[in-house]
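Quick note, the sequences are listed as chains C and H, same order. Numbering-wise (numbering that gives the first Met the number 0), the first sequence opens with residue 0 and increments by one. Numbering-wise (numbering that gives the first Met the number 0), the second sequence opens with residue 0 and increments by one.
Honestly, I wouldn't trust all of these hints.
Because identical chains share one entry, a pair is satisfied inside a single copy or across any pair of copies.
Listed next, the in silico DSS-like pairs over lysine-lysine satisfying Cα-Cα at most 30 Å (straight line) [to be verified]:
| id | residue 1 | residue 2 |
| --- | --- | --- |
| 1 | K64 | K127 |
| 2 | K127 | K37 |
| 3 | K127 | K100 |
| 4 | K196 | K101 |
| 5 | K83 | K127 |
| 6 | K33 | K1 |
| 7 | K127 | K78 |
To be clear, the hints were calculated from the coordinates, so they are not data collected in a lab. Because the structure is a prediction, the values reported are computed rather than measured.
Protein chains: 2
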Amino acid sequence: MKVFVIGANGQIGKHLVNQLHANEQHEVTAMVRKEGQKKELEDRGIPAVLADLEGSISDLESAIKDVDAVVFTAGSGGKTGPDKTLLIDLDGAVKSIEAAKKANVNRFVMVSAFQANNRDSWADSPIKPYMVAKHFADETLVQSGLDYTIVRPGGLQNEPGIGKVLAGENLERGSIPREDVAAVIVEALEAENTYQKGFDLITGVDSIHDAVGKI
Amino acid sequence: MKVFVIGANGQIGKHLVNQLHANEQHEVTAMVRKEGQKKELEDRGIPAVLADLEGSISDLESAIKDVDAVVFTAGSGGKTGPDKTLLIDLDGAVKSIEAAKKANVNRFVMVSAFQANNRDSWADSPIKPYMVAKHFADETLVQSGLDYTIVRPGGLQNEPGIGKVLAGENLERGSIPREDVAAVIVEALEAENTYQKGFDLITGVDSIHDAVGKI
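All chains should be modelled from the sequences, with the hints used to inform the complete structure.
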């Protein structure tokens, strides 16, 4: 599969790009914002394109064309304010969905947030504005008609991947290494049983293959 | 019509509550956040309820029940940050839509922003995060199945109403007194030709009755 990664310079995105690049079943294209990031990837033999989630849908469409799948794992991050949460996590995501539709790319994997589908779970969350943004981006994807999968990881860790996860509709809160989130995305890309579905994801007892198979 | 006004203490909201209260065809209930605001309204004979857009959908549903229409004219305002834009202008609006559906209130009038439907128009706007929030609230309303009307006023002024407006799909940017926006909402409430529609609204040459009739 030709996979286009939006947010390729992010913490999950870097793992994902590396894993896809190492995987013979896939070809990856990394979308980044800065020339230096692009050059660093290309020096490693990884195709990269410059595009900006604050730009136009048509620019994103041009970047996306000729791929089979889009993964959205961009995030405005904790260092920026909620204005960027609106512009990147919500509007950037929705523009990516629109661009994928216009480019006739039907497969779309969204990296969301634990229980973003369940408003009651974040009623008193300190990151409630972020959860609102993720929630509405996900809702837009659900309505999009695309073959979507929404991955909702628990607390993200930088530790090396364990390769053991639990994936399901409504899990107890837990955590998971970013490397394992990336591995689940790779596994899910061609798994049609994950189409039109979203799931929480934390460290657990299942192999990644088994966990994705059970979705 | 029994009309429930969300954002009754806002600048458009105050005009709207007063106009509805003075109108023999309508009964108004004002939703406010503070006890003092409630008392001030009740002292003037205007029914008021306490509820908070940052609260639960079920609390909003309880507040809304037994009315015929909901008008959403709340806004987080310019003094708060974009976290409140997400929580009030987007999530508060969507919770209000959900609550109206659950309370079987089919008529919903949304006060939006000029050209909020047209992403290209606010690509470089200094209030782009606000426009994103309004855009997605409006999109949710369009998908809701409710008999909605989305009013998208131009630059809001505190001057007294003129009673002459222009309403249409894609107008040149202009301004309008808040009092006239309120009057258009009152006129539109029972005008079935405005159902399932949104329109820009600025000061113009038509009477409010004629402008609403042409929608």
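Verification of the hints:
no.: 1; hint: K64 - K127; result: between (34 Å within a copy, 27 Å between copies)
no.: 2; hint: K127 - K37; result: between (33 Å within a copy, 28 Å between copies)
no.: 3; hint: K127 - K100; result: both (29 Å within a copy, 23 Å between copies)
no.: 4; hint: K196 - K101; result: both (22 Å within a copy, 25 Å between copies)
no.: 5; hint: K83 - K127; result: both (14 Å within a copy, 10 Å between copies)
no.: 6; hint: K33 - K1; result: within (22 Å within a copy, 55 Å between copies)
no.: 7; hint: K127 - K78; result: both (16 Å within a copy, 19 Å between copies)
Taken one by one, the earlier hints all hold for this structure without exception.
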